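One-letter residues, chain by chain:
There are 2 protein chains.
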Amino acid sequence: MRVIIDGIEVDVEPNSTLYQLSKKSRKRDVLIAKINGKLYDLSRAVGDIAKEGDVIEFLTFDDKEGKEVFWHSTSHLLAAAVKKLYPDALPTIGPPIDEGFYYDFYNLKIGDSDLPKLEEEVKKLVKDDVKFERIELTKEQAREMFKDNKFKLEIIEESNEALSAYRDGPYVDLCRGPHIPSSGYIKAVKLLKLSGSYWRGDSKRETLTRIYGISFPKESLLKEYLQILEERKRRDHKVIGKELELFMFTEISPGSPFILPDGFVVYNELLQYARELDKKHGYMEVMTPFIGRTELWKKTGHLEKYRENMYEVVPFSDENDKYVLKPMNCPFHIAIFNAKTRSYRDLPFKLSEFGIVHRYELEGTLDGLLRTRVLQQNDAHVFVSEEQIEDIVSEIIEMMNETFRLFDMKPIFVLATRPEKRIGSDELWDKAENALRNVLEKIGVNFTVKEGDGAFYGPKIDVYVLDFTGKPEYAYAVSTVQLDFNLAGLLGAKYMGKDDREHVPIIIHRAILGSIGRFMGIVLEHTAGNLPLWLTPIQVVILPVSKKYEDFANSIAGKMRERNIRVTIDGSESTLEYRIRNARLKRIPYIIVVGEKEMNEGTLTVRVRGQKDLIKTEIEKFVEKIEYKIHSRSMDLSLN
Amino acid sequence: MRVIIDGIEVDVEPNSTLYQLSKKSRKRDVLIAKINGKLYDLSRAVGDIAKEGDVIEFLTFDDKEGKEVFWHSTSHLLAAAVKKLYPDALPTIGPPIDEGFYYDFYNLKIGDSDLPKLEEEVKKLVKDDVKFERIELTKEQAREMFKDNKFKLEIIEESNEALSAYRDGPYVDLCRGPHIPSSGYIKAVKLLKLSGSYWRGDSKRETLTRIYGISFPKESLLKEYLQILEERKRRDHKVIGKELELFMFTEISPGSPFILPDGFVVYNELLQYARELDKKHGYMEVMTPFIGRTELWKKTGHLEKYRENMYEVVPFSDENDKYVLKPMNCPFHIAIFNAKTRSYRDLPFKLSEFGIVHRYELEGTLDGLLRTRVLQQNDAHVFVSEEQIEDIVSEIIEMMNETFRLFDMKPIFVLATRPEKRIGSDELWDKAENALRNVLEKIGVNFTVKEGDGAFYGPKIDVYVLDFTGKPEYAYAVSTVQLDFNLAGLLGAKYMGKDDREHVPIIIHRAILGSIGRFMGIVLEHTAGNLPLWLTPIQVVILPVSKKYEDFANSIAGKMRERNIRVTIDGSESTLEYRIRNARLKRIPYIIVVGEKEMNEGTLTVRVRGQKDLIKTEIEKFVEKIEYKIHSRSMDLSLN
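Chains as they are written, first to last, in our numbering: chain U, 31 to 670; chain F, 31 to 670.
Think of the hints as simulated: they come from the structure by calculation, not from any bench. Since the structure is predicted, the reported quantities are computational estimates derived from the model, not experimental observations. Certain hints may be false.
As the list makes no split between identical chains, a pair holds if one copy fits it or if it spans any two.
Claimed, not checked - Distance condition first, Cα-Cα at most 20 Å in a straight line; then the derived EDC-like pairs of lysine to aspartate or glutamate:
#1 Lys352 to Glu393
#2 Lys217 to Asp59
#3 Lys616 to Glu273
#4 Lys329 to Asp456
#5 Lys81 to Glu39
#6 Lys310 to Glu299
#7 Lys472 to Asp142
If we strip away everything but chain U, and leave its shape as in the complex, we get (with noise of 0.2 Å):
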């Protein structure tokens, strides 16, 4: 039979294994087979599965599904090792994720301790290189088989297709497949950490034992993997926003930051500053309710296709009356907008709000500032003619271009464009999307296009900001712009054209920053907690010597707060060499110690964040110099 691998017509003997055929595809290190879009192990013969002429795709590691295929199998070794060591165990899944993969088992009571014997079992099952091999089974040898395990039965009894189950070695397990061939193939494998969890995610059924592992097929990529993990934890923004006091969390409101004195500082200079950018380009702010009437989001459609992340709002003296706690401003920008009669002399129509939105989300994809049920969005939207949408897109490239040139921040523009269902005419769909694309190559940004991944009702360009890794799998979502040829028509937003015809506008929903808090979380991050001088809450900080040389810092300090810069005195009892140490853990940027010399010189000798050497400067330059740094928010600290 003819086959077609790396776009070349194949003979293949139909008895031949897709092990054997991948030896013919450019591929090397394959590990599965894809076929018509569904996966194979590569011990299926070709003629059972391939018909004539069918496109045979062989995926790696370096393949979303290889790599999951790759961790789902290191799963079932870390299950065969837990059964060995604690045969009463009940393995339940375990399934690929993100990074790794984990697998959830019943009544094992084990600690981190315990980890590394685990880990060992799992490495003499890949030193023995043994095959994962396939068993197709009727419901009933199913039943038979896993008849101790009450979680694999519960799956069994809801299973509609045929079933099967894997062995690898001594283990058996109840899986669909498919996997690698053999364990040999795992080079590298590292059990991460322990976590509690329930059967089926429900706190109400039986509680489960999470183990994470992440895998490899060379010992190097682990090691890397391994840093990346250590690096993570030292940009972790929940430890360093801990370490800085500059928020919290309380199980009163799970996914609602408590911004704190000192990150209110920082929360709201970024804030200040998206209010600057936005109105420097002609944005007006307003400000909108918070909750509105069910009906409106029925209107919109939302309440059909985002109701599992909206919240209810309900009135306890009259259950009749019922709301939504808003989860976007979009229909209170389209209210403003109908309340008068407009225009094509008033378009592009430039609404910007920094609303305070809630999403639901489930408490376990919860993390810090990063993923939260509230965002303060920096959202605007932008009412236009259709032949306005290459200007104001341009416009918000570049807003986005200098916010991530101000921060240092690299970003990857991803162009999504027109999904199968959509709405809109074709016509408008090709302007639309060779406006997008005509900006962006314009501006001269490197972009990848996500064909058909728009949104239904136009299309956009999400940006991403790189974090250490410089991996686009890692990187952050935080911007975007967005068309949309639905909301102004179904809401009946309309304006008189220069034809005197009503027309309605596309409406162009953008934020620059995303959200605030997570846009804080994300520079956090990107800083490792040392942030750039404007932010930083306390941006100089003297110890005096001794008790002597107080009146001494004060009158700095006053020259200081004249300028509206952030200095404190610790003037505190400890020893100096402590309150410098206590100082450069709060990554204060400029740690000024005045003495009898300082005194008598009208000089500072200055502690610089990041620098080894001291610097001795006159105290006028010094405000001067760093009143200037603030102003132009910049993100060099040195003096010289």
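Put chain F on the given structure of chain U with help from the hints.
Below, chain F without anything else, positioned relative to chain U:
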């Protein structure tokens, strides 16, 4: 028998009427009598209601209860007039309100133009000086008397008390009373407006027609009142807000303002002012969640006490995960206090937040920005020890006074002291009340005391601002400072004292501007829309005489924008006169017309808001002057 009048024992015949007895009082124009907390008609015999030694108080129109009876009696006359002209209408109820009275009628279809006729009928009854005669009724008698009025019957059936009716001329109404002796006491009456209403305020019951009116014992009082109404209309912030496009409301979210672009400028300037004031006094700004678990509000007691005004928030995807939309920020600030071990050195601990709180109010009571369902409070909580109360309250009152001076507002301070039901020792209350009293006395402000009007958890000072009438009863509630002996303990807040023992802090709740939106409404009414320069959305408008001078206009505008002056150019095609008129309607403080002369001389001719003469000035001087005025938040626009 002997009774007490004006503090003096008086001998009286038990058969004599209260009217006869009232002649022995110092008071003139007495309307009713108050004995043991109950009100009685003057026609009643003393011996029937008073016991030996009872205090008999006589009330006039100057007393709140006297006014209420006066107005309620007038509503009976209105009902009589309606029955005369519209015999098919059914009177329902006609209570007194803050200003005058209303009466609700069923089956009465009239328009504004019918009010004068009705008013004439009322005046005829007034002229006839008809007596109000009390008729005691059994339930059976009442049923028979009002058998044609289903609304009265409903009231009769619900009543458990002895029933009564009052006759005034040809009209008899079911009524508990009491009333003024006769209609001749009324010297001036005015029917003010019509509106729709529902029987029992329930939109599922019958639709009624409500007629509002007011009456006075002197013609001059009515005249004065009508002048107040007219001036109030001129100053109505809802009207001004619409004219100046500052804010709007929609049915999407009743009671939640949309702050429009120009309005947001005002709003944000007010917020920034309040933020500056707080910062100057060492408050640490924070931002806390918008929702909190229902459990929390049970614990604090809010759910029990303020349930009617609160909103429940529930994610659509988990109806068991219940929250409340926060009605206040206090518990969240206490959570921040509790997040660390605190000692006496941390006190006073001052947290501020422009917290967004929601309070459900009946739709009929909403009033533009003055009464909304959402407030952004100028909120703060200070955690103090007993000894610190006086200093902190003093500082807070000074902050209020600074604010009132800035806006040229006249405050009234009201000290509310311990109520019957309260927590905390008498010693603590003594100390706290004395502290508040001392502060008011030391600062030297006039204040009144409302004995027993404090909250159960502590005494407070409420601060009102006089409106244009200067009458305390019309004053706006603005600021408040409240001591709280309860909440900190309830939520486990504590600090280590100097004595190395744990203490529960006292919490001071305070708001200077009250809520930003409400304060904006008050400022709009206070200034009749002529906002101080620093608050006006557009501070300067430049009108070029013709196209030729647009460049010149632009160059001046540029200079102003550099100094952050909010300037626009109106170079539209309309006549200069029209444009000047337009700018005046927008209450723009400085209107500058530029033409040949100005361009050649480099001068400006300025129309200053509220001044007749044109002012000639040099460009630089003008810019400098108003930049200074803006920075110093000056109320004075003059350029001399």
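Hint check results:
For the identical chains of this complex, lysine 352 and glutamate 393 are inter-copy neighbours only, at 14 Å across copies versus 25 Å inside a copy, given an alpha-carbon limit of 20 Å. For the homomeric pair lysine 217 and aspartate 59, the shortest alpha-carbon distance inside one copy (12 Å) is at most 20 Å, but the shortest distance between copies (104 Å) is not. In this homomeric assembly, lysine 616 and glutamate 273 come within 20 Å of each other (Cα to Cα) only inside a single copy, at 8 Å, whereas the closest approach across copies is 51 Å. In this homomeric assembly, lysine 329 and aspartate 456 never come within 20 Å of each other (Cα to Cα): the closest approach is 25 Å inside a single copy and 58 Å across copies.
Proximity of lysine 81 and glutamate 39 under a CA criterion of 20 Å is satisfied intra-copy only: 13 Å inside one chain copy versus 116 Å between copies. Within a single copy, lysine 310 and glutamate 299 get their C-alpha atoms as close as 16 Å, and across copies as close as 18 Å, so both meet the 20 Å cut-off. In this assembly of identical chains, the alpha carbons of lysine 472 and aspartate 142 never lie at most 20 Å apart, being 54 Å within a copy and 65 Å across copies at closest.
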